[in-house]
Each structure stands twice: as structure tokens, then as C-alpha cells.
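Chains as they are written, first to last, in our numbering: chain A, 777 to 908; chain B, 28 to 117; chain C, 332 to 459; chain D, 1432 to 1794.
Hints should not be assumed to be uniformly reliable.
Said to hold, decoys possible - In silico DSS-like cross-links for lysine-lysine, where the CA-CA straight-line distance does not exceed 30 Å:
id, chain 1, residue 1, chain 2, residue 2
1, D, K1466, D, K1512
2, B, K113, C, K443
3, C, K454, D, K1628
4, C, K436, D, K1515
5, B, K112, C, K436
6, D, K1639, B, K113
7, D, K1639, C, K436
8, D, K1628, D, K1512
9, D, K1524, A, K902
10, B, K113, D, K1628
11, D, K1466, D, K1515
As the list claims (entries may be wrong) - Derived, one-sided and incomplete: chain A residues facing chain B with beta-carbon distance under 7 Å:
id, residue
12, Y838
13, V840
14, I841
15, I843
Hints are computed from structural coordinates only; laboratory data are not their basis. Just so it is clear, the structure is predicted and the values come from calculations on it, not from any experiment. For every residue, glycine included, the Cβ atom is placed at its ideal position computed from N, Cα and C.
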Amino acid sequence: MIDVRTYLFTVTYVAILVNIVISLYGVFVRPNVIKKIIALSIFGDSIYVYSILIGFRKAEPYPVIPIMTTWQPSSEYISQFASTAVDPVPPALVLTGVVIGLAVMLFLVFLALQTYRLFGTLDIRKIVRMRG
Amino acid sequence: MMIVEYLTFFIPFYLIGIIMYVVRALKGPTIPDTVLSIDCLGYALAALLVIFSVYLQSPLIIACAIVLTLWIYALDVYMSKYLEKKELGE
Amino acid sequence: MSPIDFVLTVIGYILIGIGAFCQIVAGMGMNRFPNFFVRLHAATIAAIGGSFVPIIGCSLLALSFEELGDVRFFLAGGGFVAAVFLLILAPVGSHLLAKAAYFSKAAVLQPKVVDALEEDIRKGEVHE
Amino acid sequence: MSELYELIPYLVLSITALVSTISVYLAIIEKDLIKAVLYSAIQSTFYALIFYLLMVPDIVLVYIPVSVGLLPAILIIAVKKTEKYEDVTGISKTTSTIILTLVVIFTLISGYLLLLSHAITFAIFPSTDVRTLARWFLNTTLWWNRMFSAMSPESVTAIVWDYRGLDTYFETSVMYLAIIGALALARYIEIPKKVFKEEAMGMSIIGKMATRIMVPMILIVAVSIALHGHLTPGGGFQGGVTAAVTVSLLIFIFSVYFAARFFKINTAILLRIIGLTGIILAATITLIIGFLTGQQAYIFQNQPKVIAQIGLPYEIGGNLISGTLLIFNTSEFLAVVMGFAILFLLLSIPEENVMEVIRGEVE
Chain A
777 MIDVRTYLFT VTYVAILVNI VISLYGVFVR PNVIKKIIAL SIFGDSIYVY SILIGFRKAE
837 PYPVIPIMTT WQPSSEYISQ FASTAVDPVP PALVLTGVVI GLAVMLFLVF LALQTYRLFG
897 TLDIRKIVRM RG
Chain B
28 MMIVEYLTFF IPFYLIGIIM YVVRALKGPT IPDTVLSIDC LGYALAALLV IFSVYLQSPL
88 IIACAIVLTL WIYALDVYMS KYLEKKELGE
Chain C
332 MSPIDFVLTV IGYILIGIGA FCQIVAGMGM NRFPNFFVRL HAATIAAIGG SFVPIIGCSL
392 LALSFEELGD VRFFLAGGGF VAAVFLLILA PVGSHLLAKA AYFSKAAVLQ PKVVDALEED
452 IRKGEVHE
Chain D
1432 MSELYELIPY LVLSITALVS TISVYLAIIE KDLIKAVLYS AIQSTFYALI FYLLMVPDIV
1492 LVYIPVSVGL LPAILIIAVK KTEKYEDVTG ISKTTSTIIL TLVVIFTLIS GYLLLLSHAI
1552 TFAIFPSTDV RTLARWFLNT TLWWNRMFSA MSPESVTAIV WDYRGLDTYF ETSVMYLAII
1612 GALALARYIE IPKKVFKEEA MGMSIIGKMA TRIMVPMILI VAVSIALHGH LTPGGGFQGG
1672 VTAAVTVSLL IFIFSVYFAA RFFKINTAIL LRIIGLTGII LAATITLIIG FLTGQQAYIF
1732 QNQPKVIAQI GLPYEIGGNL ISGTLLIFNT SEFLAVVMGF AILFLLLSIP EENVMEVIRG
1792 EVE
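Only chain A is shown next, with the shape it has when bound in the complex:
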């Protein structure tokens, strides 16, 4: 007998997978460079959600954030905390990933602007034909 919570969580999981599919389709098929950048950013975001979903856990009644609320924890508090807090490793990885992803997107936008200034279009098919 599957818990309703597990069912709802699986729905979330599958929805994020569908997002990944749609955004990859956008990256490969749509011709405009800006549209490709939008699709790429959605793809990256979905991957981040995915990593965080893997670090999630089930706890009663609900898991807590991986941050202690007291500065002098007793050993009971620590064991209670460690048995209900979510995994702190994926957030630490995603945290740097988000900022770097933004910087890379900014660099791509700069490249796209430069391309537009030099070629006068952002349609990737026309740009390829000009150089081919």
C-alpha cells in the first residue's frame, strides 16, 4: 500500500522530468539564440530541483531545515536534529551551481549581443549559412 505522500512526491518527480524533456527539446530545435538561452536556463533549474529532491527525506511530522536553532546544543538535540533534517550536501552544491549558471548565462547573452551586432540576426540557421 503506497502512502499518499509518496504518490504526490512521485508526481512532482515526473513533472520535473517532463520539464527536462521540454527544455532539452527547446535547446535542440528552436532556432533563436535567446530562446535557446531561456531553454538552457530552464534545463539547469530543473536539474537543480532534481538534485534537491534526491536529498529530501521523510520525517514525522515534516523534515526540518539543516540549520540548528540553538547555539549550545545538547547531545539529545543533536541526535534529534540529525534524524529529522534534510541532506545538506545537495544545497551546498546547487548553491554554487546557481550563481555559476547565472554567470555563464550572462556570458552567453554577451556573446549573443555581439553576434547580433556583427551579423544582424540571431537566427542560428542564417548565421550558419553566412559562414558556410
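Position chains B, C and D against the provided structure of chain A, taking the given hints into account.
Just chains B, C and D, lined up with the frame of chain A:
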């Protein structure tokens, strides 16, 4: 636990409101309609975040609501600058 | 529960209830009003009635919620800061958007009864 | 009632994910690029709610500014400067179907593998336990034994800057390389020298007044997020991207000439270098002390270890400062906000000035 039970009753109303804003944002015939609905959506979401902070009994996650409020305003500013005829820097 | 806590809790309940009502009303208005400038009314209800009021209510509720421990003051303070930001920024954002939408003619003014601003611009009393 | 209590967060999670799928679909098939940007902003707000319900406030704090604020801003600037509509005539149906099929197969396989890799114990997803590594981090983040602990209640910041500090250092340098790349693309282009006029430039007077009131408050919130990064959710990255909103507001609401009073590009580069120097200094401070006193020390050492007894104090006068974490957060805040200030200033230069420079180069 009285407080939490009370909130359990009211969270669905906020969800229905958010879904209505999303419908308008995705349907919105013109660009200003979409931006306005994203506005309402963001502010409603900020309220929902504060409610969830009490509901899940994790007080430290409140800072997210402040940041969301700020950035929804920034999105407004960008879009109205886009709609104006002036160059973006001026 | 001390009397002051009781009062805070009741006020918090009422404010959150008002917020839920305003969300529904604003959502309906958002979907049923005919054009952008009329929808601005619904947006006002959504921002102030639907978001500012329940955030204040939640902060008051958190102040009286003793199971949270000392950290509840952090929650209440953060909630008040968010509410003040929202109170100042939401109307300004709507104003900027409405002005830009009117002057750039991006929004359609379809069921139009009267447009006083247009007449004033034609007379030369107001300019962009 | 208690069942409903446990159910509601999961319910909101699944509804949010489904709505975000709809907006992603519309964002990809939309021909009007500005609407696509707005739809992706809707998707970002919902992802923020997902992150929130998955109990990772650090990510929410950095994700909302990045994906709701900065990225749409950059894309809106790019769309305004280039084409507004996408030309989709001539995409062949068969090619797109083949690509879609391949993508679906690839994603299903990788998703299934990831699910397997999570369920080591073959428990139902999500399991009630976390991995051993995570349990170790959670147990030792604030412990009685300083030898094994980071002495910070915030385990995410502890992992970012203490347990896995070297990782973060190199990941951060990728970001600064991207900024350097953008600077290199905009090589001789400078902000034109014009005097800021209150009436003629920028947006309406109401917007200007509200921004004048709000900018100091935003800065205070950003600084408090950054400086309390080792106690509450937040840190250098989060505070930096929150403070970047002030730069963008100054540029958009007043004008780039008003913002250039406070941030010249060269000053911003200088401040960014100071921030980076602070990071390097915090990383090697124990090494320097060890070199001077003739003891053993590591890079990225925060608290004393078994064979390296040097360590920074974790509290001063009863206030928890967690050793190097405070220095790291402060320097990172400075570096991130100045990096984004540079990028915004470069993006807001009028197109005529840029075209002049490029025409000069081509000839």
C-alpha cells in the same frame, strides 16, 4: 496545535488564488496583463511563504519572503522600462 | 496562555481570514475584468488585502506561538519587514507598470467609457 | 486533521510542479520572446516554492534573485536590443520528432538511474534516512569537539566554506572567469560622459522617490543576510545577489549616468579584487600563521585539527562567529555584488556607442 489546524483550513484558499493568477498570466492577451498577474502571484506567494513558515514550524525560513517581495518589484521595473520608448540605460 | 497572547492570536486569525477572502476576490476579478486598467483594481486587492494583511497576521500569530521558542521573534521581525517592503513597493510597481502601459499603448483599452488623460494630453495640459 | 496536516505540503508540492510544467511548455513554444521570458519567470517563482517546501532556504535565497530577478532582466535587455520575435518557419517536423524521441528516451533512462542511485536500501522514495556522509555533516556541524566540527549551526554554509571549501573556491573562480570574459568582449566600450538631469532622464517621480527610500533598506537586508550567513539561512552569495538589486534599480529607475556617480567600472573592478583578495586571505590565514610560528597548518583550515593546532576562534565575547566563515561571507558578498554591478553597467551602455566602437574595429 490549534494555530496549525486553523492554517490547514486557510492554505487551500491561497492556492486557489495563486492558480487564478497563473491562469490570467498564461492567458493574458497583452504583455502588461501578464506582468500584473505575475506581480499578484509573487505577492500571494510571499504571503504563502510566511504562512508556511508558521505552519511547518521552521521560523528561520522567513527571509525568503522579503527577498521575493523585492525581486517581484524589480521585475515590474524592468518590464515598464522595456515598454517605455527610451533606451534602457537612460 | 496569557491574555495578551490570546488577543494576538485572535487578531492573527481574523487577519489571515481576511487575506484568504481577498485572495479569492482578487483572483476572480483578475479573471473576469475586461481590460488591463480595470484589472489594476484587482491587483490592489491582491497586493494589500491578500498579501500585506495576512503577513501581518502571521507575524502576530507567531509572536503568540510559544512552541516555536525564542526564534519566533525572528519570524515576527522578518514578517514585519516583508510587510513594510510590500506596502511601499507594490503600489509603486503597479503605478510604473500602468504608466508605461498607457503611454506605450501596449495595453488595449477596449470597452472604453471615458479617457480623461487622453483629453488632457490633447489640450496640452499633461505631457509624458 | 493531523493526516491533512502532513498531506498539505506534499499536495502543494505536486500542484506547483504541474503548474510549472505548463508554464515551461508555453515558454518553449511561444514565438514572442518577451512573453517567453515572462513565462520562464513564472516557472522560476514556482521552482522557488518547490525549493522552499523541500526545506532548503539557502537555495531559495539565492535562486529567487537569480532566476526571478537578474536573468529576466538580462534577457529583457537582450530582447530589447535584438529581435523581438522568433522566426519558426522551416523547422522540419521529422527532425523535431526524432530529436524529441531521443530526448525522451535519454531523460527516462537517466531519471530511472538517478532514482536507483538514491534508493540504496530499495526503500520507497523519499526514504526516511539520509546518506552516511550527510548524517556525519549534520552531527558535527556544531559539536563539543572542535577537532571535527565547523562550529557553525548553519550546516550548508559550513559545507560550502569549510568541509568542501576548495571545491567552492574553484567553482567561484569559474564565475569570475565568466565576468572577465564579458569584460573582454566589451573591451574599449565606455559609459558616455553625460550629466544626470532629474527631469529628463529615468522613470516617473513616484518611482524615484520610492527607490530613494528603499535602497538603504534593501542594502541593510542584504548585509544582514550576508553577515549572519553562519547563523541563519544566507551567506555571501545570497547577500550579494540581493544587493545587486539596488544596482539594477539605480540603473533602470534613475539612469546609468546617475549610477555611474557611485560605481565607475574601474572602481567596481577594484572592489571586486579586494573581495577576492579577502577570500584568498581567509583561505590561507592559518597557513601564514603556521609559517610564522613554525607550526603545521592546512589551506582552508577553520578550527584546530589533530596534527595542526592552529585555528581561528569560533566565538568572540559570547557571539558565535565560526572562525573563517564570517570573513569568507563578507568577502564573497563584496565580490559578488561588484561583479554584477560591472555586468549591469556594461549591459546598459547605449547601443549607438557600442556600434561606433565596433564599426571602428571592423574598418
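Next item on the list: Report the numbers of all earlier hints that the structure fails to satisfy, in ascending order.
Entry: Failing hints: none at all.
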